[in-house]
Structure formats: C-alpha cells, structure tokens
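This is what each chain is made of:
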Amino acid sequence: MSDLLSIEGLGITFGGVRAVHDVSFRVRPGEIVSVIGPNGAGKTTLFNMISGVYRPGAGRVVLEGEDVTGMEPHLLARRGMSRTFQNLQIFPSMTALENAVTGYHLQERGPVLADLLGLPGARARARRAEAGARALLARVGLERAAERAAGNLSYGSLKRLEIARALALKPKVLLLDEPAAGCNAVETEEIDHLIAEVAASGVAILLVEHDMKMVMRISNHIVVLDHGEKIAEGDPATVSRNPAVIAAYLGVEEGQDHAHG
Amino acid sequence: MKMTPKTATLLVLAALIALTPFFFPSGYYYRVGALLFVNGIAVTGMVILTGYAGQISLGHAGFAGIGAYACALAPVHWGLHPALAVVLGAALSALLAFLVGRPILRLKGYYLGVATLGLGILVAMVLNNERQLTGGPDGMEVPELGLRAVLKGWGLTLSNGEFWYFFCGLVLLVGAWLALNLYASPTGRALRALHGSEVAARTVGIDVARLKLQAFVISAVYASVSGSLLALQNKFVTPDVAGFMHSIEMVTMAVLGGVGSVLGAIFGAGILTLLPQVLTVFAEYEQMVLGLVMVLVMIFLREGLLPSVLGKFRGKDE
Amino acid sequence: MLTVEGLRSRYGRIEVLHGIDLEVQSGEIVTVVGANGAGKTTLLRCLSGVQPVSSGTITFRGEALVPVPAYRRLARGLAQSPEGRQIFTNLTVEENLRLGAFLFADDRVEKDMDDAFRMFPVLKEKRNLAAGGLSGGQQQMLAMARALMGRPSCLLLDEPSMGLAPIIVAQIFEVVKGIRDLGVTTLLVEQNAFGALKIADRGYVMETGHITLSGAAEELIADPRIREAYLGI
Amino acid sequence: MSELLQFLFSGVTIGAVYALVALGFTIIYNASDVVNFAQGEFVMLGGMITWFAHAAGLPLPLAALIAIAATACLGVAMNKLMIEPARGAPVVSLIIITIGASIFIEGAAQLVFDKQIHSFPAFSGDAPIRVGGATILPQSLWVTGGAIAVFVGLWLFFTRTLLGRAVLATSNNRLAAQLVGINTTFVMTLSFALSAAIGALAGVLATPITLTSYGVGIGFALKGFAGAMLGGMGNPKGALVGGFAIGMIEALTAGYLSSQYKDAAAFVVILAVLFFLPQGLFGRTSTDRV
Amino acid sequence: EIRLGASISATGPAAFLGDPEAKTLEMLVEALNAAGGINGEDVKLVMYDDGGDPNKARTFATRLVEDDEVVAIIGGTSTGTSMSILAIAEDAEIPFISLAGAIDIIDPVKPYTFKTPHTDRMACQKIFEDMKTQGYTKIGMISGTDGFGASMQAQCKSVAGDYGVEIVADETYDPKDADMTAQLTKIRNAPGVQAVLNPGFGQGPSIVTRNYKQLDIGLPFYQSHGVASDGFIQLAGAEAAEGVRLPGTALLVADLLAEDDVQKPVVTAYKAAFEAKTGTPVGTFGGYAHDAFLILTDAIARAGSSEPAAIRDAIEATSGLAGTTGVYTFSSTDHLGLDLSAFRMLEIRGGKWALVE
Ligand SMILES: Nc1ncnc2c1ncn2[C@@H]1O[C@H](COP(=O)(O)OP(=O)(O)OP(=O)(O)O)[C@@H](O)[C@H]1O
Ligand SMILES: Nc1ncnc2c1ncn2[C@@H]1O[C@H](COP(=O)(O)OP(=O)(O)OP(=O)(O)O)[C@@H](O)[C@H]1O
Ligand SMILES: [Mg+2]
Ligand SMILES: [Mg+2]
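Residue numbers (my numbering), protein chains in the order written: chain A, 87 to 347; chain B, 226 to 543; chain C, 161 to 393; chain D, 52 to 341; chain E, 373 to 729.
Next up, chain A with everything else stripped away, as it sits in the complex:
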C-alpha cells in the first residue's frame, strides 16, 4: 500500500531552540502510528506543523503525493486532515452537539446567501449534519450530554467531544494528541476500541499518547522523539526494548512492565 502521509525532514525552532529537528516517517491508510517521547520532545509541535497550525522551518509534509507544507489548516481539512488537541480547544458556549456539528462544516457549508435566506437546501444540510453528529456523540459515549453547554462538561468528557468532532470530518488522516489523558483505564480502553475501529475503516492515524499500555496495544508502528529528534522507530516490541527509549522515556521498571505485558 502506498503512503498516505509522509513527513520528510520536518523541523522548527523557537527563539533559537530546536523544538523539532529533521524528523521523517510515513503513514499508510489504516495504520496507527504512535509518536512517543519525553515531555517537551516535540510531539505536539510536530502535530502543529503537520496540521498547519505552525509553518515548518524545514522539511516537507506530503499528503497523498501532494506537498502541503505550511498550508492553512482549513485547506488541509479539505484534503482530509483532522486532529484533536492536547490543550482542549472546544467551543465552550455552544452545546456539545453543536460542537460536534461544526466538524461537519465542510460537508454542510453552502453559500452565505442561502444561509441568510434560510433556503430549504441550507436547512436540509444543517439537519443532516446534526443527525450525523448525534450518532458520533453516541459513539464516544456523550449522547446524554448532547444538549449541554460544552463549557460545563468535565475534562474527560471534553477530550471525547474533541474526538467526535475530529471524526465528523470523515478524515483520511487523523491526528490524536493524548486522547486518553484524563481518562481512567476503563475509559481508555473504550477509546482504544474506537481508534482501532476508525483505523480499520482505512483512516491513517497518528497518535501521541503517554499511556504506554494503550500505545503498545494498538500501534502498528512507533516513532520515538527526544529533544526534537527521532531516536528510534519500529514496531512496539522492538521499540520498548530499545535501551535508549527506556532510558529517555519509559524508565527501567515501566519499560519492562510493558514489554512483558
């Protein structure tokens, strides 16, 4: 299978500090690639560059053979890229349902004039999006919170709301930044299943997560960053045995735990 997304020598600096340097890897459809590494390794920054939030200082992002480096996020979204955030980015004054519906923006949008005039077409588009969003909320276990203002939901619920919104885009590439943060082991497993399901439908998934159980369970491939550079790469078993990874990230005890777990 050919690459859906390929990252080539990506790098960026902030005030002289190299946050990410020369990182390359590729992701194929249906594959779950995890990016792990110590705090401050550059994982979120990498996501920000891939999704167009930051303009990379070096390197290329290639999506389906097209160079999309530094492209605006909303244009990337049109090409099938979608993401969640480590620091929650929700629309607090809208209901959970409306938050999820915004994920359908690209599918439901139409001419402003039609929207202003309330033409039947515009209304039908809005209704379809709403139905889809409801189904997605149910999928992440938030159906009961649909009509609540998102600003009033607990942290864990919001994490899941972001996933629902990201899924609404029907992405080809999905970037998840610590989706299980703030969820307990059981809740994390639910998210596991969800991610696996999505990947099974052919979506390429890029995952940042510190919950090693989860990472080891669902990743096809793992990229390890440290100080902005790729220090290791491979399948879960290989990576978790890599001494450099254990020293920099897993810690001895934990590393062994998971290697055997």
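Where hints are given, some of them may not hold.
[To be verified] In the DSS-like style, the derived pairs of lysine-lysine whose C-alpha atoms are separated by at most 27 Å in a straight line are:
(1) Lys416/E <-> Lys504/E
(2) Lys460/B <-> Lys510/E
(3) Lys286/C <-> Lys131/D
[What the hints assert, rightly or not] Here are a few chain A residues that sit away from chain D, every Cβ distance over 12 Å (derived from the structure):
(4) Glu94
(5) Gly95
(6) Arg112
(7) Phe133
(8) Leu199
(9) Arg209
(10) Asp263
(11) Ala286
For the record, the hints were derived by calculation from the structure and aren't laboratory data.
Keep in mind the model is a prediction, meaning the values are calculated, not measured.
All residues carry an ideal CB built from backbone N, CA and C; glycine is no exception.
Once you've looked at the hints, dock chains B, C, D and E with the ligands against the given chain A.
Here is chains B, C, D and E with the ligands on its own, set in the frame of chain A:
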C-alpha cells in the same frame, strides 16, 4: 409542531410592531418607535458580528454614515432615486468593509477595537471635513424617499410618522429574519465556533478569515441601511451619525440587551432609545441615571437584559 | 487533619456534589478515584475555596474552612495543583515559581526553587521563558512545582500525572511519597488509579457526586468492583 | 529648522498628555484585562477638583493633592461598587460597565461642579522657554516629566516587585492567583486606586495646557486608548512611546500636511503598525499553546 | 396657560452654550409668571436637553409638537439641531426661533423659522470691515473643525474678497486639541501675513490665544463672537488676550454703553438678573435665548392670541424691539431682524472689554 426560537422571535416582533400603535396617543410615539427600529436594524448587524462571531467593532457608525450620506449625496449630485441610494450606500459600505476587513480582522480584542475605531473616525472625518460635498459639521438635507406618495396612489394614506414607523418596522423584521436564519445555519454555526476557538475552527475546515470578513460585511450592510433609513426619515443628516458616540451606542445597545440573541439586542436598542425619552423627567440627573442603568443591568443581568430575564423566568440552567 | 462532612456544591442550578463525607489524616496519602464527570475536580475546588459550597462543612486542622476566602487557604497550609494546570502563561517559569511562594519573603524561597529545579531540571533550562510556551507535560511539572513552593502541609493534586511521560509519572509518585515522609499530607485525584492506589494509604471511590466506596488502598486494589470499573484488569 | 523644532515641541506637549493618560490604562488592564473607558473621567476629575479647591482658596499644591486623593478614592469606590459585583462577567459586559461609569461620573460632575471651562495657573509661569528659535511652555516640561516619572514608577513596579507580578498574575489567571495566595480583590482595589491617581495626576498636570470641563473625559480616554494600543496595551513602555508617537504624528501632520486630517494620520499610522505588529509596538504576544 | 417648547443642548459638546441658554429661559419664565404672565395667562415652558444631537433634537421637536402641544419652539443651540427642529416646526406650522448662527437657517426665508443671533456671515463682515479700516489685506486664519468654526471658516472665506482681504493661510484644529503651535507656526511663516483670525468657540480659542502669545507672533489678532464672554479672558489669561479684537454684543459692555442707548436697560436688567441667579457672568449665548424669549412673548402679547399662526404673524411684525444682541426688526423677507450695526467691535484691554470706536 413546536415553535422554534426563530418563529417565536419573529412573531413577538411582528406582534409588537403591529399592536403597539393602538396605544399611541400621538405622532411622537411613531417617531420614537421608528427610531427604535432603525437602531434595532443596526444592532441586529452587531449581533451577527459580535454576538455570533465574537468580533468587536467600535467603528460601525462609519458604515451608518456612508448609508446616510449616500441618501443625501447620490440624489443631489447624481440624480439617483433615494431608494437606489440606499442600495448604493449598502454596496459602498459592503465594499469598504470588504477591502479593509481582511487586514483589520486579523487583529484581536482591543486591537480590533482600536482599528475599527480608527476606521469609523476616518469616515466621520471625511464627512466632517469635505464641506463642499457634505455640508461639513452642520450637515445637509436629504430628499424625500417618495414611497409615501406611492402608497397614497395605491389608496393607502399614512401620516409621515405612521409611514416611517411601519416601514422601519418592516425592514427590521426582514433584518431579524435574515439574522435568525443565519444563527442555526452552517455559516452561523461556523461563526459561533470561531468565537470559541479559532485554532479548532480552522482545523475543522472553517476558513476563519473569510468567515469573519463575511460577518463584517453583512453587519456593515445592516449599519448602512440603518443609517440610510435614519437620514431619509430625518430628511437631514450630520456627521454625528458616523461619530464615535454612535458606534459606542450601537455596541452598548447590543450588549445591554444581550448580544447573543437578536431579540435581546433589539430589546437593548429599545431600552437605549426609550430611556432618554423617559429620563427627561429627571432633567439634570438624566445622564447619571442612564449611566447607572447601564452599570446595574450589566452587574445583575450580565448576559444582557433579555436573556437573563428569560433565563430566570424559565428557571432553566443555561 | 482534613474533614469533609455533607459537602454539597452546584454549578448554577445543577448540584454536582450531593453530600460528600471524607477524611484525611495527618501524614496520609489519600486518593479519590472516579469516572469522568464524577465530581472529583469539583471536590478539590471546594477544598481550595474557588468553588462555592452550598452546604456541609470542611474542617482543616480544627478550623472551619468554608468561610475562609480562597487566597487565605494557602497560608493555612493548603496548596493545590489544579486541573488544567492553570499556570501563569504570560509570566516566565521562574516568575511562576516565585508567585508560588508569594506569601514568603525569606531565603528559603531560593532553596525551594533550587529543589524544584532539581526535581524537574527541564524547568531550570526554561526558567526565563514564558510558561505558556512550555509543552503540556512541562506545564504540568510547573504546576506541581509551584504548589510545592507554597510550603503546604496538605497538598491537593488533581490528576498530577496527566500528560506526563511514564518516567516522570513514576517520579511524581515518588515525590508524593517523599514529602509524606516530611510530614506533608496529600489528597490525590487520579485517573491512573492503579498507580495512585499503589502509593496511597487509603482511597475513596466517587460516582456522580457521591462517595460510594472507601477503604485502605490495598483493599481497594483487590476489590473486584474497582478492578473492573477503574483498573481495567 | 526652527519650524521643525516648533512642530516637535508641539508634538511633545500633546504627546506628553496622551502618554500620561495612556499610562493610566496600564494598571487596571494588567490586573483585569479590562480597558477602563472611565479613565478619561479620572483625568477630568483631577483637573476639575483641583480647580474647585483652588478657586475655594486652597493653595494649588494642596488642591492638587486633594484632587488626586479624592479621585483615587473614587477609583476604589468604582471598583467596589461596579466592577467587583460584576466579577466573572464577560469582558464586553465589563467594558459596558466602565462606559456606564464614565457617563455616570460625567453626569455627576456637571451637577457637582458646573458646565463651564476652567483652568488654573501653570506651575512655573507662562514665560516660554526658547530653544533654537522655537518655544515651549514650562508646563509642557511638567507634563513630560510627569509622564516619564510615572513610566519609571510603573516599570519598576511591574518588573521589580512581587506585587507588580501579582497584578499581572491576577489578570493572566485569576483562579491560579488565588491558589498561590494572592488577594485578588485587594489587587483590584489597588489597581483602581493607582490608575485613578495616575489619571488625576494627568489632569492636574495637563489642565493649565488643555483646560478642563466636565466633558473632557471622553476625548482624553479616546486618545489615551489609541496611544496605549499603538504601543501595546499593558506595557508602560508602550503607553509612553505610543502616547508621544501620536502627539508627534499629529503635530507633524498639522505642520507639514494638513491640520484637518492630522487625526486621520494618527489612525492611519496605528492601522499600519497593527498590520505588521498585531500586538502594537511593545505588546506581549500571547503564548498560549494548543 | 400658554405652552412654549424648547430643545437646548444643555449637555454634550455645546453644553457651555446650552447651559446658560437653558438657565436664562428658566429664569425668564419664572419672572414672567411672577409678573402675571402674558395678558394674564401663565406661560409653561417644556424644555428638553438634546445633548447637541440633531437626531435627538428632531425627536424632541416632534414630542413638543405632537405630545406637549406647544404653540412655539425656542432652541437649537447649534446649527445641526436647529435644522432638525426647523423641519418639524415648518411641517407643523409652529413658530420656531433658533439660537444658532448659520445663515442657512433663515436663508431662504421659511415661513415659521426665525433666529436671534447674528449670522456667521455678518460676524465675518464685521471683522473684515475692521481689518479693512486698519489696512490689513493678507491674513491667516485658524478655525475649529466643529460646526461653529467650520461654518465661520466657510463664510469668512466667501466674504473676504468683498473687503479686499486675502486669506494666505487657512488652518484648522480639533476642538479637543491641546496645542496649536504647529498650525500657528505655519501661519506665522506664511509670506506677507498681516493679521490672524481665529473664529471658534469653546476651549480652542483660549488655547490658540495662549499659543499665539507663546510664539510671540505679535500680529494683530482677531477672534469671533464665539468667545464673547468674560470666561474667555480668564481662560486665555489677560496677558495673552491683550489686544484681541472681536465683534461682540452690547451685553459684554453693558456699563460702557451710552445712557441713551436703547439696549442699555435690557442689557443691564438681564445681566443683573442672570448674575444674581447663577453667580456666573453673562455671555453672548445666554443673551440669544433671552432675546428669543423676548421676541416670542412680545409677539404673543401683541397678537393677543396663542394661535401659532397669529404668533408667527406678530413676530414678523416685530419692529424696533431692543434685545441684548441688537435691535430686532423682522419682515416677511427678513427673519433675522438684525443688521451689522448690532455688532460692536470690542477689544480686550487690561483684562477688560473695551469698545473700539
Ligand atoms: N510556541 C512556542 N514557544 C516557545 N517554545 C515552544 C513553543 N512550542 C513549543 N515550544 C518548545 O518546544 C518543545 C517541544 O514542545 P512540545 O509541546 O512539542 O512537546 P511534547 O513532545 O508535545 O511534550 P508533552 O509530552 O509534554 O506534551 C518544548 O521544549 C517547548 O517549550
Ligand atoms: N463550570 C461548570 N459548569 C457547569 N457544570 C460543570 C462545570 N464544571 C463541571 N461541571 C459538571 O460537574 C460535574 C462534575 O465535574 P468535575 O469536573 O468535578 O468531574 P471530574 O470528576 O473531575 O471529571 P474528570 O475526570 O473528567 O476531570 C460534571 O457533570 C460536569 O459536567
Ligand atoms: Mg504535547
Ligand atoms: Mg477533573
């Protein structure tokens, strides 16, 4: 079928416009009513810009000024019919908003505030200084719209006050209808989304810059139409219509009534239009009372008058 | 040391804590576990005074805490590392830490800061940078370090391990154990229930605003209900 | 040459007034993220109270002191009665409150005082100081000196004192500020007192040049706001530079281009600067990450 | 009871004009009723504060006409507000006496609209007349951008030629400006300039006058009737104001008037009453309100009726009525009723007003 908030709002508005005249003892009340509707139109535009999209403007009176002076200048200088002048004003306002919108709307919060403030002041300054064209600070006369005569020809005889009351009321209804359509539409939702988090809005595919620009242009048209109607009914216009105080007044009306909802904002327009008329009994205390009312409403009904009151009434958590 | 009785709290008209009873003895590590939205964060917010209490009492070292305004509670010995980190993003890392010791103007501030830097060397590297530029995990470390700068006798931690690399999570738990030996009491809210219960003395289970279960930590780990619902084993 | 110098002197005179007003905005803004549109009224009160006390027979320095103290008290009262009860309200609501307060104070001033224009004597006489063929009034130097002194004070306060840091912390994250033991209520009270006092000081220093009446507040607020935004709201350096810059632009435009459009020039420059520096000249860029 | 209406800018940017106007009207009504009213009927004054906003003025005018049912309206402190009220009054056919300067208000003549102040054009003429006598042909002008200043600027420019005066520098300032030395420097450097004219009102002219002194320009300096009050001398400072010339009304020089001056009794009485009541010195603008009220009550008394049309006719028939501003004689073609002789050229000498003649 359950009544949607949109139908409810429109019904309430229509009923108010149609029924209140039965309690009017004199033409003066038509005048105040018409002013209220004119302000209501401007404020509905603010709802789209500020309430939906979360962008503030301290210079919208500039667009009202363009709308107003279009009605004064176009008929005199280019022989355009006043009704077409309204359209011309709206088009010019939209054009100006479109041209300056993109760079200005990149700014956030108070920086956006000062930029729009500057824009409004520039417009007011041109109207004030280009005396040969605009009559300068003393203002200039505006020709008669002429619609009243047309109606008369159709057998509908209205006094000047009545005509402007119902005409402005009708325009307000249309304006409110459009804004309400927008609210729940995909565009409206996208606007409200970028209000919450721009980054998230961008990553779900919302072209934030373009959408903000659309909201800015639409609200500029509202302000422009409101300025035109004011000029046409006053048959006289001064640069005050484009002045800083008028901009502030628009924002205040919207926020006071509840900038998140059309009905709320129109309610706010009502309050600030009626208050000075009511406060004349306080004579020299008028200004103090006005300031105090603004402060107290914002302290005790911080979502704005109407939403807060309705919220309490329904006893429902937001 | 800390006693909570019949605590109720609400957001607007919706009550989310329906009478919480809980106790923390001096020198203990007590953990609270519960699902998303159970009310754990709300409970901690009540304890630090930033969330209004509608009824019930909180007693801290023999003193009724409810009437004490939030900003005085640190002086009483209660420090919190809150959910969502809540660092001062516009200030530098060092300024964040100094503000953690806002109440103190003695030499110990420098020493405490050195300790914090030793604990989290990356903070020292970034001491003069705006805290808002830190990575998520670094901010979490800063929140924890800032709480410690307040010299608490009782530390309230809301998901301190969130977003931290495994190696640092282990370290955080070590720190909590370490300060217990110095006499600091800890109330720990964690989604990593397994890790939390391993270092805790006692634990409470919270469900939709009620305490449904409590006991010694090792008992809870062994409890099948807990294992199934929270530990996923 | 002497012409240019005269324009520059004119710019300094105007700019110093703007800068002093702009500096008054910084503290409240830094404590609460709110631009207090009643700031201009503090300036007005500084001038009006001084005039009244002076006209009532008090010596000028004492009258000025009373004005500053009284305005500071009023600032505190405004915080207690209007801002504090609105805690947690959205920023737009707070802005409307400050505008309401401004209207209220203006309305009260025209009752308590009168509607006439007033002035009091310049501190060191009206004899112009001659430099290279141009002249400047001693009072302009007073205002400039005042602006610089306030700037230095604020700069030290925000960068060198923990209390100054606490003020910044309060606006950055009120909840966290409380958690580290900052009495945010006190910080707000202090900010209003200081801002009001700075505003009144501006009024005292500027009145011999600008004259005063109950309605001058809005004009001051507007120009001060523009100056503060040009420099970057919240940064004392920005307020100082922004205020002087606007004064200079106005004077030079009036001198060399068109006195009708000198205000336009100021706003065009502001728009141009914001186009390249969306946070003003020295404003802090927000560092929140996603 | 006779109901009279007024819409005055007692607050807002023109408050220092509107305030004495409002106080004057209140005072005069009180005095009139105490003296038995007009032909035995009490007068009731309904007064609104339009804050200088033409839009508000229009609403209040409507209110006066439709709701309060007044028989005549005084007001319009500024030209903008006057134009708004005018439209309503003409529609309703109710006499209206404006207190604003612009010539547009009564030119062309509208049936129901009158005004008491001199026009801006007349003020300019008076000034240029004086300049011509002094032999100044090249002058610099600096005016405010407010309504008064802009209107004076336009009128003066249009009549200057009639007096052989050339305007070689034409500068403006915003009414809120703090320093006008830049503009004045430009004027000073204009080649051949012999005198400077500053038409304006409010604080602007005081600041200009001080800056004028600061720059030591030394050329003859003219102001307009916009600053004809003692307050101006105080604000500008007697030293800076020394030698300033302006066209003013009899009101300012009440005690200098000849004993047989027809205006002397009116002026002295008004001055005494106003200063006793308010404790502030009289000014030209309060005088405008005084005259408006005088003209109106005089007309009602003569008409013997409070029918608007009758009042209008009576006003138009007013002849030789001495007010504080001048002696009014209206006709069907002249709704201003004053000529240039009503203006007196004044000069400030030693901190006091002096008659130039
Ligand atoms: N906008 C920025 N300004 C300054 N520094 C930045 C910025 N963005 C990232 N950095 C720096 O880049 C480095 C990488 O940060 P990043 O957030 O990508 O780490 P991360 O791998 O996601 O860590 P974590 O696991 O803690 O989330 C950090 O040291 C951070 O301080
Ligand atoms: N600001 C708020 N306004 C209204 N309701 C709120 C608010 N914050 C939280 N809630 C509600 O209160 C309940 C308890 O939330 P809380 O944040 O205390 O849960 P939590 O146990 O900390 O969950 P998590 O593990 O997801 O952080 C939830 O139902 C939540 O939706
Ligand atoms: Mg990260
Ligand atoms: Mg929580």
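Outcome of the hint check:
1. Lys416/E <-> Lys504/E: Violated, at roughly 48 Å.
2. Lys460/B <-> Lys510/E: violated (40 Å)
3. Lys286/C <-> Lys131/D: Roughly 39 Å between the alpha carbons, so the hint for Lys286/C and Lys131/D is violated.
4. Glu94: holds (24 Å)
5. Gly95: Non-interface label on Gly95/A holds, nearest chain D Cβ at 23 Å vs cutoff 12 Å.
6. Arg112: holds (25 Å)
7. Phe133: violated (9 Å)
8. Leu199: holds (29 Å)
9. Arg209: Holds: least Cβ distance 30 Å, greater than 12 Å.
10. Asp263: violated (9 Å)
11. Ala286: The claim stands: Ala286/A keeps its Cβ more than 12 Å from every Cβ of chain D (closest is about 28 Å).
In terms of the numbered hints stated before, the structure departs from hints 1, 2, 3, 7 and 10, listed from lowest to highest.
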